[in-house]
Amino acid sequence: MDGMTGARSLVAIALGALGLVLVGQAPVAQADQASLSPQAMEWVQFLQGTRLQQLDRYSSDSGGIYMGGTSRRTMDVCSDGRFFYSDASSFGGGGGGVSAYGGGGDAQAGTWQVIEQGHLIGIELRWQDGSVSQHLLQYQNGLYIDGARTYRTFDNASCP
Numbered sequence: 031m032d033g034m035t036g037a038r039s040l041v042a043i044a045l046g047a048l049g050l051v052l053v054g055q056a057p058v059a060q061a062d063q064a065s066l067s068p069q070a071m072e073w074v075q076f077l078q079g080t081r082l083q084q085l086d087r088y089s090s091d092s093g094g095i096y097m098g099g100t101s102r103r104t105m106d107v108c109s110d111g112r113f114f115y116s117d118a119s120s121f122g123g124g125g126g127g128v129s130a131y132g133g134g135g136d137a138q139a140g141t142w143q144v145i146e147q148g149h150l151i152g153i154e155l156r157w158q159d160g161s162v163s164q165h166l167l168q169y170q171n172g173l174y175i176d177g178a179r180t181y182r183t184f185d186n187a188s189c190p
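Residue numbers for the sequence shown follow my numbering, so the first one is 31 and each next one is one higher.
Since the hints were derived computationally from the structure, they do not count as laboratory data.
Incorrect hints may appear among the rest.
Ranges of calculated distance between the beta carbons of each label pair, as one might list FRET restraints [claimed, not checked]: (1) LEU150 - SER129: 42 to 52 angstroms; (2) TYR169 - ASP136: 20 to 30 angstroms; (3) GLY98 - GLY148: 36 to 46 angstroms; (4) GLY124 - GLY148: 44 to 54 angstroms.
Given the structure is predicted, the values throughout are model-derived calculations rather than measurements.
Backbone N, C-alpha and C define an ideal beta-carbon position, used for all residues, glycine too.
The whole structure should be built from the sequences, with the hints applied where relevant.
Dropping the structure here:
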């Protein structure tokens, strides 16, 4: 998922350049909780054991030709510090007696931890291929990761 977003935000890249400080890794041992800021600890508790989803839909209809598609990115955030990510997309179009349909997907895994720099809180994902990505966490009438609306549920089938 090059993270939880299809297009990385400038804020997330800037966070990486600032060298965010690791403040906690899920699960957080009882002795480690004293070193976490209360806000960072809330984020650890808010995220662990959940499923995060971002959904996109697009369509276009021009001159009798229709194109449309959907994209869904899902990440199960486990309480033991692991995550499981998958994405799926589908598209279709047609017009003038011609049509086309398709789709695809990907699945990956890794570990996650909450990070912070000043008043900014983020999630750092360490992917199974060795890459690392950092993403800004925000909550304002809903969860946003890198500025993209993200839905949080407890339907987390991948975690033990």
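Right, here's what the structure says about each hint:
no.: 1; hint: LEU150 - SER129: 42 to 52 angstroms; verdict: holds, 46 angstroms
no.: 2; hint: TYR169 - ASP136: 20 to 30 angstroms; verdict: holds, 27 angstroms
no.: 3; hint: GLY98 - GLY148: 36 to 46 angstroms; verdict: holds, 42 angstroms
no.: 4; hint: GLY124 - GLY148: 44 to 54 angstroms; verdict: holds, 51 angstroms
When each numbered hint is compared with the structure, no violation occurs for any of them.
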